[in-house]
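Enquirer: Residue strings, one per chain:
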Amino acid sequence: MKTNFKKIAKDGLITSNPTLKLVLGTCPTLALTTAAMNGIGMGLAVTFVLICSNVIISLLKRAIPKEVRIPAFILVIATFVTIVRLALDYFLPDIYESLGLYLPLIVVNCIILARAESFASKNGVLASATDGLFMGIGFTLALTTMGAVREILGSGAIFGYKLWGFSIGFFSSSAGAFFTYAMFILLFALITDKAAEKSRIKKSAKIGDFTQTKEAK
Amino acid sequence: MENKLIYSSSPHIKSPRTTRKIMLDVCVALLPATIIGIIYFGLYALLLVALSVISAVVGEYVYLLAAGKSFKEITENFDFSSVITGLLIGLTIGTNYPFYAPIFGSLFAIIAVKMLFGGTGKNIVNPAIAGRIFMFISFQWAVGAVWLVPSIGSIYGETVATSATAVVDVSKGVVPNISLLDMLLGTGMQGCIGETCKVALLIGGIYLACRRVINLVYPLIFIALTGFATVVICGFDFSMFLPSILSGGLILGAIFMATDYTTTPNTKAGNIIYFAFLGILLAVLRYATKMETVSFAILLMNLVVPLIDKFILNKPFGYKKSQKTKGAKL
Chain Y
1 MKTNFKKIAK DGLITSNPTL KLVLGTCPTL ALTTAAMNGI GMGLAVTFVL ICSNVIISLL
61 KRAIPKEVRI PAFILVIATF VTIVRLALDY FLPDIYESLG LYLPLIVVNC IILARAESFA
121 SKNGVLASAT DGLFMGIGFT LALTTMGAVR EILGSGAIFG YKLWGFSIGF FSSSAGAFFT
181 YAMFILLFAL ITDKAAEKSR IKKSAKIGDF TQTKEAK
Chain E
1001 MENKLIYSSS PHIKSPRTTR KIMLDVCVAL LPATIIGIIY FGLYALLLVA LSVISAVVGE
1061 YVYLLAAGKS FKEITENFDF SSVITGLLIG LTIGTNYPFY APIFGSLFAI IAVKMLFGGT
1121 GKNIVNPAIA GRIFMFISFQ WAVGAVWLVP SIGSIYGETV ATSATAVVDV SKGVVPNISL
1181 LDMLLGTGMQ GCIGETCKVA LLIGGIYLAC RRVINLVYPL IFIALTGFAT VVICGFDFSM
1241 FLPSILSGGL ILGAIFMATD YTTTPNTKAG NIIYFAFLGI LLAVLRYATK METVSFAILL
1301 MNLVVPLIDK FILNKPFGYK KSQKTKGAKL
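The listed protein sequences derive, respectively, from chains Y and E. In this text, residue positions in the first sequence follow my numbering: the first is 1, and each later residue adds one. In this text, residue positions in the second sequence follow my numbering: the first is 1001, and each later residue adds one.
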């Protein structure tokens, strides 16, 4: 069986973007996007855990009995989350501090569990690793842009660098988190729908061209 | 004009009252408060009100144009509800707000709260209330904590005089040393542009009641229950009754914001429950948060309206409670 890496990449980034299309991992998305830096930190931590757990679970997919697969997945995920926590605490204490509680909560992050359940436990090692990588990148990009928008509007800064004194406090409050999230989902759906429509028209136009030329003849 | 036969489902009765006419009536009713607000607070108040109205109307036009409607079509169907939203947003901020605050507030109210939910009559919360809360949350850094300092911490939050001596704390049960007449006329008080002069607001309310736009009983339930609930909370101190009614944005909120058609229940009983709960909620919130909470109380109750409409239904004509089901239950 040949694996379609392009499709996996497109799935992770666009068609089933974990944050903006599947609406998974909402809790860290809403709580941590007050700053763009948080988005990058959280996104990379999740990406690392996602790749590693996907690889291990896809290696163990025949060894894990179906009945106890969820506890087994959690065990694998928790191992990597512990590694990330300890590493961040040692190397990047600032980010460790600002992510706070949400770092250990990666263990129960829906994205990782969902990918383990629906992808890694059914696919090969390389495909699972790619899936983890692109899902993670999709999550990171969504969180970082959301964080950047909320940081610019809510505190007039970007990556902690002060731009101007003007700010709309609504966007750094939790109500603003829900509002921004909804707007992002809306815009993303608008853009992807339009792109899908365009490619559909393009496809049908190719067929249409053929019939038209036939008729003209 | 060519088709004299009209095929349509009920209702068939036509009335000259259109949404546009009703909304224009509300605009007229808000005029006295606006004018007095501008007299009290100067030309800067006029600027704030004008900016909020203009940006509300422009916001609606831009949204509809982006949705693919033609300019002419929008102007023909333009009801003045966005003008009201803009006016109310302008009237519920103080002159210490920066000039761009009402612009953002109006745009948020019109685009995010009204148009995204489907336009006039489909919004789940009152756009003006949402816009006001948006500004309240967003621009505190520019306003300074004038309304929020815990020392002001009184139910009279917004309309208390600037001098520290007038600061009162409801939990101590102290009556403010502003005379009731001053509160009624709004002279010598700090507050929002439109809410200080109670007389002007009441004139607007009576005008609306005469034009049968609103039923004045419901706002009165709201206002009276706020007073009574405050009295009860303060340990039956009846001297709190009038100050609690005349302070803050209660009368403005009760007459012009809580009575919004789309965000009130459909039935009579539902309306009584809605306004009664508003009053009690407002008194409790004021007591608990020590600041002015009219807009928050109305926002919260707006969200409950669908529930009230679900559980309190009009009895259909000729309806009889079936005896069988009763017997079966027993």
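Derived from the structure by calculation, the hints contain no laboratory data. Certain hints may be false.
[Claimed, not checked] Below, computed lysine-lysine pairings styled on BS3-like, alpha-carbon distance capped at 25 Å:
no., chain 1, residue 1, chain 2, residue 2
1, Y, K7, Y, K162
2, E, K1268, Y, K194
3, E, K1268, E, K1320
4, Y, K198, E, K1320
5, Y, K61, Y, K6
6, Y, K194, Y, K206
Enquirer: Hint by hint, say whether it matches the structure.
Expert: Against the structure, the hints:
no. : hint               : verdict
1   : Y/K7 to Y/K162     : 40 Å, violated
2   : E/K1268 to Y/K194  : 46 Å, violated
3   : E/K1268 to E/K1320 : 20 Å, holds
4   : Y/K198 to E/K1320  : 58 Å, violated
5   : Y/K61 to Y/K6      : 23 Å, holds
6   : Y/K194 to Y/K206   : 18 Å, holds
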